Amino acid sequence: MKFLKDLFDIRSVSGDESEVSQFLLNTILQRKDSWKVAPIIYSGEEFHDCILLKFGSPRTAVFAHIDTIGFMSRYENQLVTVGGPELVDGISLVGEDNMGPIACKLKIYNGDLFHDFPRAIERGTYLSFEQNLKLEQDFIQGAYLDNRLGIYNALELCEELENGWVVFSTYEEHGGGSMPFLLDFIMKNDPIKQALISDITWVTEGVGHGGGVAISIRDKYIPRRKFLNKLIALAIESGIDYQLEVEDAGGSDGREIQFSNYAIDWCFIGAPEDNVHSPNEIVAVHDLQCMIAMYKYLMTHL
Amino acid sequence: MKFLKDLFDIRSVSGDESEVSQFLLNTILQRKDSWKVAPIIYSGEEFHDCILLKFGSPRTAVFAHIDTIGFMSRYENQLVTVGGPELVDGISLVGEDNMGPIACKLKIYNGDLFHDFPRAIERGTYLSFEQNLKLEQDFIQGAYLDNRLGIYNALELCEELENGWVVFSTYEEHGGGSMPFLLDFIMKNDPIKQALISDITWVTEGVGHGGGVAISIRDKYIPRRKFLNKLIALAIESGIDYQLEVEDAGGSDGREIQFSNYAIDWCFIGAPEDNVHSPNEIVAVHDLQCMIAMYKYLMTHL
Amino acid sequence: MKFLKDLFDIRSVSGDESEVSQFLLNTILQRKDSWKVAPIIYSGEEFHDCILLKFGSPRTAVFAHIDTIGFMSRYENQLVTVGGPELVDGISLVGEDNMGPIACKLKIYNGDLFHDFPRAIERGTYLSFEQNLKLEQDFIQGAYLDNRLGIYNALELCEELENGWVVFSTYEEHGGGSMPFLLDFIMKNDPIKQALISDITWVTEGVGHGGGVAISIRDKYIPRRKFLNKLIALAIESGIDYQLEVEDAGGSDGREIQFSNYAIDWCFIGAPEDNVHSPNEIVAVHDLQCMIAMYKYLMTHL
Chain A
1 MKFLKDLFDI
11 RSVSGDESEV
21 SQFLLNTILQ
31 RKDSWKVAPI
41 IYSGEEFHDC
51 ILLKFGSPRT
61 AVFAHIDTIG
71 FMSRYENQLV
81 TVGGPELVDG
91 ISLVGEDNMG
101 PIACKLKIYN
111 GDLFHDFPRA
121 IERGTYLSFE
131 QNLKLEQDFI
141 QGAYLDNRLG
151 IYNALELCEE
161 LENGWVVFST
171 YEEHGGGSMP
181 FLLDFIMKND
191 PIKQALISDI
201 TWVTEGVGHG
211 GGVAISIRDK
221 YIPRRKFLNK
231 LIALAIESGI
241 DYQLEVEDAG
251 GSDGREIQFS
261 NYAIDWCFIG
271 APEDNVHSPN
281 EIVAVHDLQC
291 MIAMYKYLMT
301 HL
Chain B
1 MKFLKDLFDI
11 RSVSGDESEV
21 SQFLLNTILQ
31 RKDSWKVAPI
41 IYSGEEFHDC
51 ILLKFGSPRT
61 AVFAHIDTIG
71 FMSRYENQLV
81 TVGGPELVDG
91 ISLVGEDNMG
101 PIACKLKIYN
111 GDLFHDFPRA
121 IERGTYLSFE
131 QNLKLEQDFI
141 QGAYLDNRLG
151 IYNALELCEE
161 LENGWVVFST
171 YEEHGGGSMP
181 FLLDFIMKND
191 PIKQALISDI
201 TWVTEGVGHG
211 GGVAISIRDK
221 YIPRRKFLNK
231 LIALAIESGI
241 DYQLEVEDAG
251 GSDGREIQFS
261 NYAIDWCFIG
271 APEDNVHSPN
281 EIVAVHDLQC
291 MIAMYKYLMT
301 HL
Chain C
1 MKFLKDLFDI
11 RSVSGDESEV
21 SQFLLNTILQ
31 RKDSWKVAPI
41 IYSGEEFHDC
51 ILLKFGSPRT
61 AVFAHIDTIG
71 FMSRYENQLV
81 TVGGPELVDG
91 ISLVGEDNMG
101 PIACKLKIYN
111 GDLFHDFPRA
121 IERGTYLSFE
131 QNLKLEQDFI
141 QGAYLDNRLG
151 IYNALELCEE
161 LENGWVVFST
171 YEEHGGGSMP
181 FLLDFIMKND
191 PIKQALISDI
201 TWVTEGVGHG
211 GGVAISIRDK
221 YIPRRKFLNK
231 LIALAIESGI
241 DYQLEVEDAG
251 GSDGREIQFS
261 NYAIDWCFIG
271 APEDNVHSPN
281 EIVAVHDLQC
291 MIAMYKYLMT
301 HL
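If you're matching them up, the sequences are chains A, B and C in order. Using UniProt numbering, you'd call the opening residue of the first sequence number 1 and step up by one each time. Using UniProt numbering, you'd call the opening residue of the second sequence number 1 and step up by one each time. Using UniProt numbering, you'd call the opening residue of the third sequence number 1 and step up by one each time.
Honestly, I wouldn't trust all of these hints.
Given that identical chains are not distinguished, each listed pair holds provided it fits within a single copy or across any two copies.
[What the hints assert, rightly or not] Pairs of lysine to aspartate or glutamate, DMTMM-like flavour, derived with a Cα cap of 25 Å:
| no. | residue 1 | residue 2 |
| --- | --- | --- |
| 1 | LYS188 | ASP112 |
| 2 | LYS226 | ASP184 |
| 3 | LYS5 | GLU46 |
| 4 | LYS105 | ASP248 |
| 5 | LYS188 | GLU45 |
| 6 | LYS54 | ASP33 |
| 7 | LYS134 | ASP6 |
| 8 | LYS134 | ASP9 |
| 9 | LYS105 | GLU122 |
| 10 | LYS188 | GLU46 |
| 11 | LYS220 | GLU86 |
| 12 | LYS5 | GLU96 |
| 13 | LYS188 | ASP248 |
| 14 | LYS107 | GLU247 |
| 15 | LYS220 | GLU237 |
| 16 | LYS226 | GLU45 |
| 17 | LYS193 | GLU46 |
| 18 | LYS36 | ASP248 |
| 19 | LYS107 | GLU205 |
| 20 | LYS5 | GLU237 |
| 21 | LYS220 | ASP248 |
| 22 | LYS193 | GLU160 |
| 23 | LYS230 | GLU46 |
| 24 | LYS226 | GLU122 |
In short, the hints are calculated from the structure, not lab data. No experiment lies behind these values; they were computed from the predicted model shown.
Can you make the complete structure from the sequences, with help from the hints?
Have a look at this one:
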């Protein structure tokens, strides 16, 4: 519980992931001795702010992005977006520049974005949604469930994982860019043929709260049907609740696997959330539990 | 003739190319002993649903994509597109899910897409245009000439090819994704400096039926002028009818060569079609014949 | 002075960079004996029209693109754009086809582009803005300051550079495509962890003429904050005038570094210009001088 609260409180807008990366590395170092298999840990400047964990002899890799959407200060109290945050006038934003901590509100005039902080904010300062995490019996609500819960799922998976890569990527919310070098490293170090994207998707007319983890048949991009058939057969066999998602928009770290230099099958599997990219993202606890159970099952049986 | 009809009847919307891939592999295995040079064949799960043929000592590679545009079922009788099909209310679609074969019509309401099949279709089921191939003396008409004729051209080329790669790629209609690993394999196995894209282009005010094969000076992307000059000089020398195309939109497997990790010159060369991405694509037989002749000439002289 | 005039007079629209590449190579060969360190020169067909210079033991690479925006003739006196030129009716364009030199004007009817040359222009002929370079005491004005001044900066840097790559890239104005193979070559030959983009940016409400070289905190893409902090600390230490830029659009060769297979930090650093992508681009001499001084400082201290 304390871990979840701490994880959710760290600001890590795309491009500025060093603090959450350090927090995750500390967590991994503390926990790894209690894990069934001790992974080899790859991190440090050579990997920018990414972390890779190798367990046993991997056939499959799991990717969880550690960055979030947010804002950046421009000139004359203007803000520009990082990734695609939900834009609601008056939302609370927080950050810090060389003059100290910042707490302000987003103001929207004629579609342009401003802050209302009494002093100027240094150019290029990152701002995030103010966190207001609510952990209730059936629902988790707050900012950045996307992708703090994907990270949480990946860490839960580590406890019993015998074979596989668990990878923490950066920049996913703003076009990506870490996946190509991560894939290159994986394929040269201990190659895989399959990848699962541990991330949070959307509640829609076809995917609802409480229906189980979503297995995405497509978003803007389309995994290979042969691999989807294999996954869905395993999902049925597992007995764990799942929902099949079919969208024609949206993307994930899977996009960069699709366009990589390697023939790697991929699929996005994650709990659905409502109020996407707002400070009030909400996920059903049951769906998160199914996500964790499904990853444990698939990583054993794939 | 039977071969062409069989080839046109196989459904292979992007992401679901395994059946056409198997059909092509069988064709290649049956025919290769009658070819001037027996190629080395690379296929199987390592290459997903792609196939590579290596003839002799390659200087140039030819790429033909084996996928097509189409549709996929979503929720509540909705459809989403795969690639960019022409959207006409009432067009006949076919497919199959676990409950059996599907034949229905595309219905468009307020820009949203639906099917009119009496029962629900399983989520994520692919649908294709119903095929209605007409092979007449001067014209070929039907669904998916793009890129069944590009495949046909590549197979005709194989008959006398002495040196070169002939490659069957996937996912071209939906953003691509197989080209990077195909190029990587080629460049590590037996590298090339030049590539031709065996695909079908558009009839426009500058490129018409019967004028010969189109050599594309540009679509959205632009091949290197030095290479185009070399190609055009050879085309003149060949005496084969050709037309120069200049567009500012559209793309092909050439796009992924342009952005690959390798300095490879590329050019799109193919017959033009009218009624693009509809069930009634139409190509002049003369233009297809010029396409086949031009590929044979260029692969010898480049 | 003669060198600058000659450099500005060469036409090199994206895809057709062979002439400027040859001119640069000749310049490099003439000058290199007077440089503090003689670089290893990589050029020729293996690198298409790009040139790489390796000085000593590189930690950082500098990239300057040698192509420009422009136009290409289509059918029936139509023109299509290459990159994103400013479109003003009546602007003077020049080029050459097999029938001889061309001088004409851009005509815009209903948003479509035409030329008014009395004869037809061969399909696929490149046209450029007519050059009208003005070198005054405080300002440089003309076509293609973007990126002739980035090239000029890179060549000035060569005079005293002891360690580093200086790279001349192609296709930057039209989506890119040379950066991936250039990065691949660099990383296999003598790898680096950092890159600077020697290019020209925009005068905006936050970045003005005379304020010094612009260090770009972001355009459409975002360099890693850790690297920006290091750069800005060095910029302060240098005492050279600089301005911090924050935009949410625009791109550069940095984009292709962000999405490359390598974990390389990057940043765009360049003088700002007004009248972007027009024949009257204008840059303050002070800002160009600061750009040159900043590159010399950073390449020593990074």
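Here is how each hint holds up against the structure:
no.: 1; hint: LYS188 to ASP112; verdict: neither (46 Å within a copy, 45 Å between copies)
no.: 2; hint: LYS226 to ASP184; verdict: both (24 Å within a copy, 23 Å between copies)
no.: 3; hint: LYS5 to GLU46; verdict: neither (29 Å within a copy, 43 Å between copies)
no.: 4; hint: LYS105 to ASP248; verdict: between (33 Å within a copy, 20 Å between copies)
no.: 5; hint: LYS188 to GLU45; verdict: both (18 Å within a copy, 19 Å between copies)
no.: 6; hint: LYS54 to ASP33; verdict: within (14 Å within a copy, 46 Å between copies)
no.: 7; hint: LYS134 to ASP6; verdict: within (13 Å within a copy, 59 Å between copies)
no.: 8; hint: LYS134 to ASP9; verdict: within (12 Å within a copy, 55 Å between copies)
no.: 9; hint: LYS105 to GLU122; verdict: within (16 Å within a copy, 45 Å between copies)
no.: 10; hint: LYS188 to GLU46; verdict: both (15 Å within a copy, 16 Å between copies)
no.: 11; hint: LYS220 to GLU86; verdict: both (20 Å within a copy, 18 Å between copies)
no.: 12; hint: LYS5 to GLU96; verdict: within (20 Å within a copy, 47 Å between copies)
no.: 13; hint: LYS188 to ASP248; verdict: neither (33 Å within a copy, 35 Å between copies)
no.: 14; hint: LYS107 to GLU247; verdict: between (32 Å within a copy, 18 Å between copies)
no.: 15; hint: LYS220 to GLU237; verdict: neither (28 Å within a copy, 45 Å between copies)
no.: 16; hint: LYS226 to GLU45; verdict: between (37 Å within a copy, 10 Å between copies)
no.: 17; hint: LYS193 to GLU46; verdict: both (24 Å within a copy, 8 Å between copies)
no.: 18; hint: LYS36 to ASP248; verdict: neither (39 Å within a copy, 46 Å between copies)
no.: 19; hint: LYS107 to GLU205; verdict: between (31 Å within a copy, 20 Å between copies)
no.: 20; hint: LYS5 to GLU237; verdict: neither (34 Å within a copy, 39 Å between copies)
no.: 21; hint: LYS220 to ASP248; verdict: both (5 Å within a copy, 23 Å between copies)
no.: 22; hint: LYS193 to GLU160; verdict: within (21 Å within a copy, 36 Å between copies)
no.: 23; hint: LYS230 to GLU46; verdict: between (35 Å within a copy, 16 Å between copies)
no.: 24; hint: LYS226 to GLU122; verdict: between (51 Å within a copy, 16 Å between copies)
Violation of the numbered hints given earlier is confined to hints 1, 3, 13, 15, 18, 20; the remaining hints are satisfied by the structure.
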